[in-house]
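Student: Given next are the chains, with one letter for each unit.
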Amino acid sequence: MRTIEIKPVTRIEGHAKITIELDEEGNVHDAHFHITQFRGFEKFCEGRPFYEMPSLMARICGICTISHMLASAKACETLMAVRVPETAIYLRRIANLAQMIQSHALSFFYLAAPDLLLGMDADPAKRNIYGLMKTNPEFVRDGVRLRQFGQEIIELLAGKRLHPTWIVPGGVTSPLSAGIRDRILTSLPEAFGIIQRTLNWYKTVVDNYREEIRTFATFPSLFMGLVTPAGELEHYHGRLRVVDPTGTVVEDQIDPTSYANYIGETVLPYSYLKAPYYKSRGYPEGIYRVGPLARLNIIDRTGTPRAEEEWVEYRALRRQANLSNFHNHYARLIEILYAIERIEQLLNNPEITSSHVRAHASPNNNEGIGVTEAPRGTLIHHYKINDDGLITWANLIVATGHNNLAMNHGVLQVAKHFIRGNHIQEGVLNRVEAVIRTFDPCLSCSTHALGQMPLDISLMDCQGRVLDRLKRD
Amino acid sequence: MLVIGYGNSIRGDDGVGVAAAEQLNETLLQNSPVRVLACQQLTPELASEISKAGRVIIIDAAKGETPGQITVNKIEPNNNSSAFTHELTPSALLACAQELYGKHPATFLVSVIGYSFDFSDELSPTLKQIMPEVLARVRELIDQQEE
Chain A
1 MRTIEIKPVT
11 RIEGHAKITI
21 ELDEEGNVHD
31 AHFHITQFRG
41 FEKFCEGRPF
51 YEMPSLMARI
61 CGICTISHML
71 ASAKACETLM
81 AVRVPETAIY
91 LRRIANLAQM
101 IQSHALSFFY
111 LAAPDLLLGM
121 DADPAKRNIY
131 GLMKTNPEFV
141 RDGVRLRQFG
151 QEIIELLAGK
161 RLHPTWIVPG
171 GVTSPLSAGI
181 RDRILTSLPE
191 AFGIIQRTLN
201 WYKTVVDNYR
211 EEIRTFATFP
221 SLFMGLVTPA
231 GELEHYHGRL
241 RVVDPTGTVV
251 EDQIDPTSYA
261 NYIGETVLPY
271 SYLKAPYYKS
281 RGYPEGIYRV
291 GPLARLNIID
301 RTGTPRAEEE
311 WVEYRALRRQ
321 ANLSNFHNHY
331 ARLIEILYAI
341 ERIEQLLNNP
351 EITSSHVRAH
361 ASPNNNEGIG
371 VTEAPRGTLI
381 HHYKINDDGL
391 ITWANLIVAT
401 GHNNLAMNHG
411 VLQVAKHFIR
421 GNHIQEGVLN
431 RVEAVIRTFD
441 PCLSCSTHAL
451 GQMPLDISLM
461 DCQGRVLDRL
471 KRD
Chain B
1001 MLVIGYGNSI
1011 RGDDGVGVAA
1021 AEQLNETLLQ
1031 NSPVRVLACQ
1041 QLTPELASEI
1051 SKAGRVIIID
1061 AAKGETPGQI
1071 TVNKIEPNNN
1081 SSAFTHELTP
1091 SALLACAQEL
1101 YGKHPATFLV
1111 SVIGYSFDFS
1121 DELSPTLKQI
1131 MPEVLARVRE
1141 LIDQQEE
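Quick note, the sequences are listed as chains A and B, same order.
Quick note: the first sequence uses the numbering used here, first residue 1, plus one each step.
Quick note: the second sequence uses the numbering used here, first residue 1001, plus one each step.
With the rest of the complex left out, here is chain A:
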């Protein structure tokens, strides 16, 4: 028995390692994706006033700050039993979509594109964004500009790009001026041009990755996310929908505040990351995926014209639910296009510059749940407070957590396909990492399970008996 370790896993958000266990013949027997960092937000927020939560929880992540603020503020608004002004909701939606653009651009252009453009077997010293700058500077400039575009909108709305304090329980702290609205509208044509150019290019090369499409976490699973009442893409409110691998709706219009009736959570012995599962199928059969691929699998239509055209073409790749995680890359591009269209629609709403953007209230409930779609998938914040408004309990289920079982399954699948015998090429190990990258995991967000110590190295036999274990004290 031999264990191969990939440590650290590169070009992801956070720290992780993968172990692959070989049997005596050198064939892959098992594989695990280990999250080796620990955060603990659910515990150290206890005792804090509830109204601090959006700003506190925003610090979980430097990429999807806005999503955490939104889910947190929505949970607080349930505690307050307050009605948020419509204009505040429009502005929050714009910020959330802008964040999705910058996050998806980071994932696609900075983290995934080196594999796509330079090749899975390219020299690892050059297979990165800096290597791409030399070979494809125009492509990188597009990625930089698209990311800037999303960041600038957040800065214009919220005052700063990272960890703004603009989203508060009850709404937002300041309205949008007509001047800023017009400035953002002026920048939209350039963003449309970049994403359409990138989509057009991607569609010409996607067939080059047939083997990766076939083997990168391509397996039957459930898919979950928010949809509108009409079954369209939804990233802010909406209801949860679950579809099976055939694309059949298993459960629809679930009130997100009843998530605990549908989602169970277990703890894996080798990771700080909790492993949620769909309760009615049990663990581990209730494996499901969230994120761009899942969102495009669960909807009936996108809800915007240009993204709809692209989605129809994308869905032609497979009539049923798209099972290959590799297509997350494609799905991210379509979601960027959708986000730009929705931002344009929202900015052209006459009410967008209304000054009524915040409601005030004291706590009226002792329990609150807020759910949004973050770039990487469904994000759930659940709080309980005492009568003084202090947090007594918090539970977060973030996108990377939802995808935990699927990521492990994907690593095992790609390892089994590409690793043969004792001879292991670097490019093969990169493919094992690359399957994780298709999920775009955010480990900073997802690591808050308590009481379990991660294994640095585990050595197991074919029956799953631990032969040796090296454990941190």
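Heads up, a few of these hints could be off.
What the hints assert, rightly or not - When the alpha-carbon atoms are kept at most 27 angstroms apart in a straight line, the in silico DSS-like pairs for lysine-lysine are as follows:
1) B:K1052 with A:K160
2) A:K126 with A:K203
3) B:K1103 with A:K126
To be verified - Some residues of chain B that are not near chain A, with every Cβ distance over 10 angstroms (derived):
4) L1002
5) N1025
6) L1029
7) N1031
8) E1045
9) N1079
10) E1099
11) L1100
12) R1139
13) I1142
14) D1143
Read the hints as simulated data drawn from the structure, not as lab findings.
Just so you know, even glycine gets a beta-carbon here, dropped at the ideal spot from N, CA and C.
Since the structure of chain A is already known, use the hints to place chain B on it.
Tutor: Structure of chain B alone, referenced to chain A:
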């Protein structure tokens, strides 16, 4: 002229660049040709901003044996960043500007050696005391440009 102060402002003296940038920004006139950015880390998006500037000053914290010591060095493009992250060194940021936009302006790195990098949203007394000198050195560099 572009001034970038960067660092982690909740890790004590690591935030000296951000603090200097914010204080400098408060003293600038409304029509000042100097643009000031404060950020936590250097990312590739800043390459675009740098390529549009005539001259750049970057303010950062440094480790060393003499807290409060200020050094000013002209830096050149050098792609020495890790491929693992999206954080860049000042030299790597210049290299990005050169690769992507075909130019990099004259760039000066103002390094301030910190005393404590523990969790704190305040600078150490040593660096608070030295802050006027940090700003004076930055203004000298700005004035050299204007001359």
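Student: Which constraints among the numbered hints does this structure fail? Numbers only, ascending.
Tutor: Numbers 8, 9, 10, 11 - these are the hints that the structure violates, sorted from lowest upward.
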